[in-house]
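Trainee: These are the residues of each chain, in order.
Number of protein chains: 2
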Amino acid sequence: MVPMIKIAVDLQGADRPQTELVDGALMAVRENEELYLYLCGNEQELTRYINERGYRTERIEIINAPEVITNHDDPAEAFKNKKNSSLVRAAQLYKDDPDIGALVSCGATGAIFVTAMMMLGRIARISPMLLVELPRIGGTPLCIVDCGANVDCRAEKLVDFAHMGIAYMKAVGVAAPKVGLLSNGAEDKKGNAVVKQANELIRANIPEFVGNVEGTSVLTGEADVIVCDGFSGNVLLKTIEGSAKAALAELRKLPGVQDAVGEQLDAVYRKYDFNTQGGAVLLGTNIPVIKGHGAANSGTMYNIICSAARLAKNGLVDKIRAEFAANAV
Amino acid sequence: MVPMIKIAVDLQGADRPQTELVDGALMAVRENEELYLYLCGNEQELTRYINERGYRTERIEIINAPEVITNHDDPAEAFKNKKNSSLVRAAQLYKDDPDIGALVSCGATGAIFVTAMMMLGRIARISPMLLVELPRIGGTPLCIVDCGANVDCRAEKLVDFAHMGIAYMKAVGVAAPKVGLLSNGAEDKKGNAVVKQANELIRANIPEFVGNVEGTSVLTGEADVIVCDGFSGNVLLKTIEGSAKAALAELRKLPGVQDAVGEQLDAVYRKYDFNTQGGAVLLGTNIPVIKGHGAANSGTMYNIICSAARLAKNGLVDKIRAEFAANAV
Numbered sequence: 082m083v084p085m086i087k088i089a090v091d092l093q094g095a096d097r098p099q100t101e102l103v104d105g106a107l108m109a110v111r112e113n114e115e116l117y118l119y120l121c122g123n124e125q126e127l128t129r130y131i132n133e134r135g136y137r138t139e140r141i142e143i144i145n146a147p148e149v150i151t152n153h154d155d156p157a158e159a160f161k162n163k164k165n166s167s168l169v170r171a172a173q174l175y176k177d178d179p180d181i182g183a184l185v186s187c188g189a190t191g192a193i194f195v196t197a198m199m200m201l202g203r204i205a206r207i208s209p210m211l212l213v214e215l216p217r218i219g220g221t222p223l224c225i226v227d228c229g230a231n232v233d234c235r236a237e238k239l240v241d242f243a244h245m246g247i248a249y250m251k252a253v254g255v256a257a258p259k260v261g262l263l264s265n266g267a268e269d270k271k272g273n274a275v276v277k278q279a280n281e282l283i284r285a286n287i288p289e290f291v292g293n294v295e296g297t298s299v300l301t302g303e304a305d306v307i308v309c310d311g312f313s314g315n316v317l318l319k320t321i322e323g324s325a326k327a328a329l330a331e332l333r334k335l336p337g338v339q340d341a342v343g344e345q346l347d348a349v350y351r352k353y354d355f356n357t358q359g360g361a362v363l364l365g366t367n368i369p370v371i372k373g374h375g376a377a378n379s380g381t382m383y384n385i386i387c388s389a390a391r392l393a394k395n396g397l398v399d400k401i402r403a404e405f406a407a408n409a410v
Numbered sequence: 082m083v084p085m086i087k088i089a090v091d092l093q094g095a096d097r098p099q100t101e102l103v104d105g106a107l108m109a110v111r112e113n114e115e116l117y118l119y120l121c122g123n124e125q126e127l128t129r130y131i132n133e134r135g136y137r138t139e140r141i142e143i144i145n146a147p148e149v150i151t152n153h154d155d156p157a158e159a160f161k162n163k164k165n166s167s168l169v170r171a172a173q174l175y176k177d178d179p180d181i182g183a184l185v186s187c188g189a190t191g192a193i194f195v196t197a198m199m200m201l202g203r204i205a206r207i208s209p210m211l212l213v214e215l216p217r218i219g220g221t222p223l224c225i226v227d228c229g230a231n232v233d234c235r236a237e238k239l240v241d242f243a244h245m246g247i248a249y250m251k252a253v254g255v256a257a258p259k260v261g262l263l264s265n266g267a268e269d270k271k272g273n274a275v276v277k278q279a280n281e282l283i284r285a286n287i288p289e290f291v292g293n294v295e296g297t298s299v300l301t302g303e304a305d306v307i308v309c310d311g312f313s314g315n316v317l318l319k320t321i322e323g324s325a326k327a328a329l330a331e332l333r334k335l336p337g338v339q340d341a342v343g344e345q346l347d348a349v350y351r352k353y354d355f356n357t358q359g360g361a362v363l364l365g366t367n368i369p370v371i372k373g374h375g376a377a378n379s380g381t382m383y384n385i386i387c388s389a390a391r392l393a394k395n396g397l398v399d400k401i402r403a404e405f406a407a408n409a410v
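Chains A and B are the protein sequences, given in the same order. 82 is the number of the first residue of the first sequence in our numbering; add one for each residue after it. 82 is the number of the first residue of the second sequence in our numbering; add one for each residue after it.
Hint data in this document are derived by calculation from the structure and do not stem from the laboratory. Wrong hints could be hidden among the right ones.
No copy labels: a pair is met if it fits in one copy or bridges any two.
Claimed, not checked - Restricting the straight-line Cα-Cα distance to at most 27 Å, the calculated cross-link-like pairs of lysine-lysine (DSSO-like) are:
| id | residue 1 | residue 2 |
| --- | --- | --- |
| 1 | Lys161 | Lys271 |
| 2 | Lys163 | Lys270 |
| 3 | Lys400 | Lys270 |
| 4 | Lys164 | Lys400 |
| 5 | Lys238 | Lys277 |
| 6 | Lys163 | Lys271 |
| 7 | Lys270 | Lys238 |
| 8 | Lys352 | Lys334 |
| 9 | Lys163 | Lys352 |
| 10 | Lys163 | Lys176 |
| 11 | Lys270 | Lys161 |
| 12 | Lys238 | Lys271 |
Construct the entire structure; sequences and hints are all you get.
Mentor: Below, the structure written as structure tokens:
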């Protein structure tokens with residue numbers, strides 16, 4: 082029997098219905114014959130939808146969890162009271178089947194966090210953090226960590242983010258990832274108090290460190306891992322998206338541009354439309370959680386399941402453990 | 082006699098020679114007959130250069146200050162020891178002639194700061210801050226404050242930044258500027274500890290507040306003033322530039338694009354090339370200091386002198402005083 086990559090999928094809690102998101106899940110399972118998906122949602126509706134469309138039902142298992150956690154729910158309350166929600170049930174599957182390699186959801190971020198922390202277990206001593214992978218022009222991707230989980234950080238945490246980013250980049254195939262620290266200047270002495278201290282700690286502990294990185298050179302510089310606190314990282318990520326799209330939209334409005342290069346413009350624009358392209362990865366729990374945007378469509382669901390499968394197959398969590406074990410203090 | 086707008090111009094300390102930068106200054110004075118410029122630099126060289134080219138010498142006065150402060154100088158030492166530098170002499174002119182309305186320099190940032198603080202005097206109770214004005218698509222500009230002067234801030238300072246931004250936008254012709262607070266989410270409760278507290282303070286004190294702004298909507302949203310600490314503001318500003326340029330460069334590489342729309346691409350690209358376009362404004366001293374990038378050319382010098390003239394003419398400092406007086410606590 083082929084070794085399976087098992088993924089637990091929460092199909093509810095996003096803007097679009099589970100019957101749309103499941104299309105992406107089924108596309109992923111059809112393409113990748115190592116993949117085995119637990120599809121959590123309203124079983125009756127999902128079964129009818131899948132049967133009506135004549136989808137094959139190999140390597141999928143529908144888990145009945147009809148309750149929905151929304152953005153309006155208090156995360157902790159929702160976790161406590163909605164035990165039959167697709168999110169909580171998806172996380173619970175990991176307790177029954179430790180072969181599950183990742184959890185995928187496009188639901189409410191806060192509830193995903195609470196549920197992951199309560200149900201998936203933490204990798205020893207590591208605080209959970211959010212990593213986002215970005216495409217880079219003409220080359221390997223880069224990642225930003227943390228993108229929003231830890232908005233107030235001590236400098237030591239930024240060292241953890243660096244280790245986590247290194248492990249992640251290795252899991253996606255970058256053999257010797259380089260680490261940069263987001264700052265307001267390239268020189269070591271630049272930064273706010275936390276960043277200045279983090280620069281010293283990272284320089285002392287992480288040989289892959291290439292120094293401070295400014296906002297101008299995140300997309301074009303040599304660093305594969307951009308380290309920052311969750312507040313700055315969130316500003317960075319959203320500003321990259323907003324500014325790239327604004328500049329392209331501005332160009333499109335100029336006379337003749339749309340007619341001449343509309344298709345090329347669309348292609349570049351889509352690359353910077355992070356919301357519908359990929360997801361953020363919650364790291365620090367015993368299996369990674371890939372969180373797609375609430376506005377996800379079936380394409381997003383397909384993308385994030387493929388990402389989850391790749392991370393599970395490439396042993397991301399083992400790489401994280403190895404990275405931290407090698408650098409234990 | 083026409084009322085004069087007097088500007089003190091430091092022509093040295095940038096990457097390019099004073100003889101190149103002075104071209105921009107002379108262009109500005111030729112175009113604007115209210116303008117009177119004190120040109121600080123090596124008098125002998127400047128006089129020869131201006132005479133050789135047959136420039137008119139009305140409304141300019143060359144101040145001999147041959148010493149140069151560079152980026153390698155310690156700012157405080159340089160201020161103390163280089164009293165005959167073009168920067169220090171330019172600032173000193175204000176002591177002799179209080180009609181001077183602004184100081185312009187493309188020299189070393191740290192030295193400009195120290196010199197401004199020591200020579201120009203502070204507007205009561207306000208910490209100096211750096212404001213950058215950005216063009217906005219199809220409309221009025223916006224500004225980011227602080228862009229790097231205060232990398233570690235208490236929440237109260239962000240309220241000052243908001244007042245300063247309002248005064249600035251009024252001075253550039255926006256009658257009722259709206260204020261947004263940079264955060265990692267649009268909801269009031271989002272932010273790091275300082276931003277959450279700043280949200281409450283700004284909401285309580287500034288009627289022009291329209292709420293938190295995310296990186297995705299800085300360029301396209303309704304806020305005319307983006308308030309943030311100097312670290313986040315620097316990341317924001319540089320990321321806007323880097324991402325817009327990266328996306329446009331990526332598009333340019335696609336087959337056929339350069340030939341079809343190369344000129345339009347250049348036009349949009351230039352708009353996001355903040356370094357050579359404009360300058361940052363140091364606010365909080367008795368006259369504003371407009372600081373161009375070290376890589377400034379004659380066009381940059383022309384642009385920042387025009388900005389300085391506009392701010393002086395429109396009574397920026399009076400507007401700042403009025404804004405703070407109206408909101409005194």
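Trainee: Now tell me, hint by hint, if it's right for this structure.
Mentor: Do the hints match the structure? See the list:
Within a single copy, Lys161 and Lys271 get their C-alpha atoms only as close as 45 Å, which misses the 27 Å cut-off; across copies the closest is 23 Å, which meets it. Taking identical chains as interchangeable, the C-alpha atoms of Lys163 and Lys270 lie at most 27 Å apart only when they sit on different chains, with a minimum of 24 Å there against 49 Å within one chain. Taking the shortest alpha-carbon separations for Lys400 and Lys270, neither the intra-copy value of 32 Å nor the inter-copy value of 35 Å comes in at or below 27 Å. In this homomeric assembly, Lys164 and Lys400 never come within 27 Å of each other (Cα to Cα): the closest approach is 32 Å inside a single copy and 58 Å across copies.
For the homomeric pair Lys238 and Lys277, the shortest alpha-carbon distances inside one copy (13 Å) and between copies (21 Å) are both at most 27 Å. With identical chains, the CA atoms of Lys163 and Lys271 are at most 27 Å apart between copies only, with a shortest distance of 25 Å across copies and 47 Å within one. For the homomeric pair Lys270 and Lys238, the shortest alpha-carbon distances inside one copy (19 Å) and between copies (23 Å) are both at most 27 Å. Proximity of Lys352 to Lys334 under the C-alpha cut-off of 27 Å is found in both arrangements, the shortest distances being 19 Å within a copy and 15 Å between copies.
In the homo-oligomer, the alpha carbons of Lys163 and Lys352 never lie at most 27 Å apart, since the shortest distance is 36 Å inside one protomer and 51 Å across protomers. In this assembly of identical chains, the alpha carbons of Lys163 and Lys176 lie at most 27 Å apart only when taken from the same copy (17 Å versus 70 Å across copies). For the identical chains of this complex, Lys270 and Lys161 are inter-copy neighbours only, at 22 Å across copies versus 46 Å inside a copy, given an alpha-carbon limit of 27 Å. In this assembly of identical chains, Lys238 and Lys271 lie within 27 Å of each other by CA distance both inside one copy and across copies; the values are 19 Å within and 20 Å between.
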